Amino acid sequence: MKKKLIVSLRSTDDSLKNFIAAAKDIKAGKKKHPEYHLSFTDPKDFNRFVKNMTVLLWIRQLKPKSVYDLAQLLDKDPSNIAKLIGFFEQYGIVKIKEQKKGEVTVKVPIVEYEKIEFDLAS
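Just so we're aligned, residue 139 is where the sequence shown starts under the working numbering, counting upward by one.
In short, the hints are calculated from the structure, not lab data.
Be a bit skeptical, because a hint or two may be false.
Only pairs whose alpha carbons sit at most 27 angstroms apart, straight line, appear in this in silico DSSO-like list of lysine-lysine [to be verified]:
{"hint": "1", "residue 1": "Lys253", "residue 2": "Lys165"}
{"hint": "2", "residue 1": "Lys239", "residue 2": "Lys201"}
{"hint": "3", "residue 1": "Lys235", "residue 2": "Lys165"}
{"hint": "4", "residue 1": "Lys214", "residue 2": "Lys203"}
{"hint": "5", "residue 1": "Lys189", "residue 2": "Lys201"}
{"hint": "6", "residue 1": "Lys235", "residue 2": "Lys221"}
{"hint": "7", "residue 1": "Lys182", "residue 2": "Lys221"}
{"hint": "8", "residue 1": "Lys189", "residue 2": "Lys221"}
{"hint": "9", "residue 1": "Lys233", "residue 2": "Lys165"}
{"hint": "10", "residue 1": "Lys245", "residue 2": "Lys189"}
{"hint": "11", "residue 1": "Lys233", "residue 2": "Lys142"}
{"hint": "12", "residue 1": "Lys235", "residue 2": "Lys245"}
{"hint": "13", "residue 1": "Lys253", "residue 2": "Lys221"}
{"hint": "14", "residue 1": "Lys142", "residue 2": "Lys189"}
{"hint": "15", "residue 1": "Lys203", "residue 2": "Lys239"}
{"hint": "16", "residue 1": "Lys165", "residue 2": "Lys203"}
{"hint": "17", "residue 1": "Lys239", "residue 2": "Lys253"}
{"hint": "18", "residue 1": "Lys221", "residue 2": "Lys142"}
{"hint": "19", "residue 1": "Lys233", "residue 2": "Lys182"}
{"hint": "20", "residue 1": "Lys168", "residue 2": "Lys239"}
Across the chosen pairs, the derived CB separations fall in these ranges [said to hold, decoys possible]:
{"hint": "21", "residue 1": "Val188", "residue 2": "Ala166", "range": "30 to 38 angstroms"}
{"hint": "22", "residue 1": "Asp257", "residue 2": "Lys233", "range": "17 to 25 angstroms"}
{"hint": "23", "residue 1": "Asp180", "residue 2": "Pro216", "range": "19 to 27 angstroms"}
{"hint": "24", "residue 1": "Arg198", "residue 2": "Lys221", "range": "13 to 21 angstroms"}
Note that the structure is a prediction, hence the values are computed from the model and not measured.
For glycine and all other residues, C-beta sits at the position ideal for the given N, C-alpha and C.
Input sequences plus hints: build the corresponding full structure.
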């Protein structure tokens, strides 16, 4: 089943109302499709997400073996990519899987969403 990410920019009050409504739907068994609603309340974070959305696509397509590998594939500074991955992980957009490679543990970024939608209604 495809996982979908629905992104919006809302006030804190609207985000809370949507969360409560979603919780009621889940409790009533109305939510059947795996989807994750992400409501940004800070326009700076929303803009950062939109600006760097292509990195999510590259993670899905290139399947990097580590965050450092992703930085090399994108020809970007590894520390900047690590911060960006941390931002995405904080919001549940990227998952990190730790793998042992010899003596070293590497962090592998994973994007499980196959579809991203924007909810512009507020």
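Right, here's what the structure says about each hint:
no. : hint                                   : result
1   : Lys253 with Lys165                     : holds, 25 angstroms
2   : Lys239 with Lys201                     : holds, 16 angstroms
3   : Lys235 with Lys165                     : violated, 30 angstroms
4   : Lys214 with Lys203                     : holds, 16 angstroms
5   : Lys189 with Lys201                     : holds, 20 angstroms
6   : Lys235 with Lys221                     : holds, 16 angstroms
7   : Lys182 with Lys221                     : holds, 15 angstroms
8   : Lys189 with Lys221                     : holds, 14 angstroms
9   : Lys233 with Lys165                     : holds, 26 angstroms
10  : Lys245 with Lys189                     : holds, 23 angstroms
11  : Lys233 with Lys142                     : holds, 15 angstroms
12  : Lys235 with Lys245                     : holds, 6 angstroms
13  : Lys253 with Lys221                     : holds, 23 angstroms
14  : Lys142 with Lys189                     : holds, 19 angstroms
15  : Lys203 with Lys239                     : holds, 10 angstroms
16  : Lys165 with Lys203                     : violated, 38 angstroms
17  : Lys239 with Lys253                     : violated, 31 angstroms
18  : Lys221 with Lys142                     : holds, 24 angstroms
19  : Lys233 with Lys182                     : holds, 22 angstroms
20  : Lys168 with Lys239                     : violated, 43 angstroms
21  : Val188 with Ala166: 30 to 38 angstroms : holds, 33 angstroms
22  : Asp257 with Lys233: 17 to 25 angstroms : holds, 23 angstroms
23  : Asp180 with Pro216: 19 to 27 angstroms : holds, 26 angstroms
24  : Arg198 with Lys221: 13 to 21 angstroms : holds, 20 angstroms
Figure legend: structure checked against the earlier numbered hints; hints not met, in rising order: 3, 16, 17 and 20.
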